[in-house]
Amino acid sequence: MAVIEITQERRVEELTQRQRWSHYFVFIYALLALFIGFNLRSATLDATTPYVNNEVGIRAFYPSHWLIDTTSSAYVFRVQDIAQPGFKTTIQVGVQPVTANTSARNLLDTLTLNRANSLSGYNVIQRVPYTLPNSQEATEMDYVYVSADSNPFLKSIPTVVRGEDILAIRRGQAIIITFLSDAETFDDNQPVFQRFLNDLQF
Amino acid sequence: MSVYNQRLLTPPGEEEEINPYRPVWRSFVIENLALVGVTLVAFVVFGFLRVHVSDRVNLILNILLIALPVALWLIFSVWRERFVPQPRPRLITVFVISALAANAVALPLINNVFQPEQWLPLGGAINRIIGYAFTVGIVQEVIKYAVVRFTVWPTYFRTRIDSVAYCAASALGYALVLNVSYLISTPNATPDVMAVQVFNNVALNLAASLLVSFGLAEVSFDQPTPFLLTITVAFAAFLNGVVIPLRSGLTNATFSLTPPDTSTLIGLFLATFSLKSSTPKPILSFVFSAAVLAGLAFVVAFLINNAERQAREAAASREVS
Numbered sequence: 001m002a003v004i005e006i007t008q009e010r011r012v013e014e015l016t017q018r019q020r021w022s023h024y025f026v027f028i029y030a031l032l033a034l035f036i037g038f039n040l041r042s043a044t045l046d047a048t049t050p051y052v053n054n055e056v057g058i059r060a061f062y063p064s065h066w067l068i069d070t071t072s073s074a075y076v077f078r079v080q081d082i083a084q085p086g087f088k089t090t091i092q093v094g095v096q097p098v099t100a101n102t103s104a105r106n107l108l109d110t111l112t113l114n115r116a117n118s119l120s121g122y123n124v125i126q127r128v129p130y131t132l133p134n135s136q137e138a139t140e141m142d143y144v145y146v147s148a149d150s151n152p153f154l155k156s157i158p159t160v161v162r163g164e165d166i167l168a169i170r171r172g173q174a175i176i177i178t179f180l181s182d183a184e185t186f187d188d189n190q191p192v193f194q195r196f197l198n199d200l201q202f
Numbered sequence: 203m204s205v206y207n208q209r210l211l212t213p214p215g216e217e218e219e220i221n222p223y224r225p226v227w228r229s230f231v232i233e234n235l236a237l238v239g240v241t242l243v244a245f246v247v248f249g250f251l252r253v254h255v256s257d258r259v260n261l262i263l264n265i266l267l268i269a270l271p272v273a274l275w276l277i278f279s280v281w282r283e284r285f286v287p288q289p290r291p292r293l294i295t296v297f298v299i300s301a302l303a304a305n306a307v308a309l310p311l312i313n314n315v316f317q318p319e320q321w322l323p324l325g326g327a328i329n330r331i332i333g334y335a336f337t338v339g340i341v342q343e344v345i346k347y348a349v350v351r352f353t354v355w356p357t358y359f360r361t362r363i364d365s366v367a368y369c370a371a372s373a374l375g376y377a378l379v380l381n382v383s384y385l386i387s388t389p390n391a392t393p394d395v396m397a398v399q400v401f402n403n404v405a406l407n408l409a410a411s412l413l414v415s416f417g418l419a420e421v422s423f424d425q426p427t428p429f430l431l432t433i434t435v436a437f438a439a440f441l442n443g444v445v446i447p448l449r450s451g452l453t454n455a456t457f458s459l460t461p462p463d464t465s466t467l468i469g470l471f472l473a474t475f476s477l478k479s480s481t482p483k484p485i486l487s488f489v490f491s492a493a494v495l496a497g498l499a500f501v502v503a504f505l506i507n508n509a510e511r512q513a514r515e516a517a518a519s520r521e522v523s
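Protein chains in written order, with the working numbering: chain U, 1 to 202; chain F, 203 to 523.
Calculated directly from the structure, the hints in this document are not laboratory data.
Since the model is a prediction, treat every value here as computed from it, not as a measurement.
Don't be surprised by glycine CBs; every beta carbon is placed ideally from N, CA and C.
Accuracy of the hints is not assured; some may be wrong.
If you anchor each label on the Cβ, the simulated ranges turn out as follows [what the hints assert, rightly or not]:
1. F:451 <-> U:195: 27 to 37 angstroms
2. U:109 <-> F:259: 57 to 67 angstroms
3. F:451 <-> U:101: 29 to 39 angstroms
4. F:390 <-> U:188: 56 to 66 angstroms
5. U:64 <-> F:390: 47 to 57 angstroms
6. U:156 <-> F:262: 48 to 58 angstroms
7. U:64 <-> F:262: 39 to 49 angstroms
8. U:46 <-> F:288: 49 to 59 angstroms
With a cut-off of at most 30 angstroms between alpha-carbon atoms, the simulated DSS-like pairs for lysine-lysine come out as follows [to be verified]:
9. U:155 <-> U:88
10. U:155 <-> F:483
11. F:483 <-> U:88
Away from chain U, derived, C-beta distances all over 12 angstroms, residues of chain F [to be verified]:
12. 278
13. 332
14. 379
15. 519
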């Protein structure tokens, strides 16, 4: 017995050269557009603004969209990512004159004592030797503390902040480069700090 | 005596041509008008009259609002296909694969790799348009295009309007994932905000997909330049680039300081009121999205009708010669 299958008629014709190229062009364009998109992203996120302070002898490049503050006497300059929700990721550079007998350990101890009094839950994680991109020896100190918003009306939950100090002594002055970030986004933000260190000249 | 014989006087009536396919534009208009109506009702009830509901009811309403465009499409498009001689197959397949592709490829790529919210809000207007076009726009449109291309094109394309039906299915699948993603990220959004967000996502995806549908239809039935399809995809991505920042600009509240004239006493008095802020206006983005969708639908309908008319005329002239 013959079986007659009733199926819907379908267009199964061979694609023309023109049709094939139409689709190839879409995918070529998509790849190009994605490449442009990646470049735009990198160009915006990695764009930097130069900061030069001849008095102290610092030349740095900080992220373009970060806000710079040079008004405080506690540091030479400080830049903050104002677009960051919650705790604003911060890079701060401070300079301190030192005597020939002053060691990195003395300075870090002083910093720790001061911060333990002013910052809630301050705790040093580790101190390790660190080599700056210009091959200069330095010391790294990692720590955490809890940052609460000073405005009680905002009713915000305190943030655990992770910090990293890089301390180097050179020509009678100590330079302290501080990186502060919300502990949850620390690893994501650290490449920005690494780029900052790579471009820093002092 | 002469006898009136109607058969001799009236010309033989032409048999009405039966369209074997579901009219897509009618379903398209009905579905979107219904969506506009529900969005307006939600806006009036929850945004204007400020009716408050419990969290649980709020969540249920939000889920219903997300399901609404899909439900309307299932009723007025998919279900209506059953009543025509030649229904369009694989509409649901296109819808499901688009949703899966959006969830598995597009959203992770946009949220985890491009991360537009980290860098685009910082740029100027032109940068934002270009940025959104070359990241969110291109990913979104290529994903939807690829689903239609590799699922139903050209096997199930019998008329130009099929392209609109399949691209709309793809757009709704993609928009569904965007809406669900919005609900997951902001579960406490009020129904008026959710309704506007749902409509915005659906309208933008449909409008952009309509552009691509024209390109796919032309490549299928005509011999256009090989760049036409690319141009339609590029325009669709550019549409995303323009609409996303403009929509945000219209919705978000502004905070501005208008410098008063302090040289006079009145100016000094007015200086107190010179700092002006506004409240968020989601209704503006809703009107804007509706206008974009209506405008693009008219343009694409005109282009497709024009292409079909030209094809008919060309076929007729071939028959004559």
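Verification of the supplied hints:
A hinted range of 27 to 37 angstroms holds for the C-beta pair residue 451 of chain F and residue 195 of chain U, which are about 31 angstroms apart. A C-beta distance of roughly 59 angstroms is found between residue 109 of chain U and residue 259 of chain F, which places it inside the suggested range of 57 to 67 angstroms. Take residue 451 of chain F and residue 101 of chain U: their Cβ atoms lie about 60 angstroms apart, and the range 29 to 39 angstroms is violated. For residue 390 of chain F paired with residue 188 of chain U, a C-beta distance near 26 angstroms fails the hint of 56 to 66 angstroms.
In this structure the hint that residue 64 of chain U and residue 390 of chain F lie 47 to 57 angstroms apart at CB is violated, the actual value being about 35 angstroms. Evaluation of the 48 to 58 angstroms hint for residue 156 of chain U and residue 262 of chain F yields a failure: the beta carbon distance comes to about 30 angstroms. At roughly 46 angstroms, the beta carbons of residue 64 of chain U and residue 262 of chain F sit within the given window of 39 to 49 angstroms. Range check, residue 46 of chain U to residue 288 of chain F: about 55 angstroms between beta-carbon atoms, so the 49 to 59 angstroms window is met.
Distance hint between residue 155 of chain U and residue 88 of chain U is fulfilled; the C-alpha atoms sit about 17 angstroms from each other, no more than 30 angstroms. At roughly 26 angstroms between alpha-carbon atoms, residue 155 of chain U and residue 483 of chain F fall within 30 angstroms of each other, so this suggested pair holds. A distance of roughly 28 angstroms separates the Cα atoms of residue 483 of chain F and residue 88 of chain U; the hinted pair therefore holds under the 30 angstroms criterion. A cut-off of 12 angstroms between C-beta atoms confirms that residue 278 of chain F is not in contact with chain U; the least separation is 22 angstroms.
Distance check on residue 332 of chain F: its Cβ comes as close as 7 angstroms (rounded) to a Cβ of chain U, failing to clear the 12 angstroms threshold; non-interface status is violated. At the 12 angstroms boundary, the C-beta of residue 379 of chain F stays outside the reach of chain U, the nearest C-beta of that chain being 19 angstroms off. Against chain U, the non-interface label of residue 519 of chain F holds: every CB pair exceeds 12 angstroms, the least being about 22 angstroms.
Checked against the numbered hints given earlier, this structure breaks hints 3, 4, 5, 6, 13; the rest are met.
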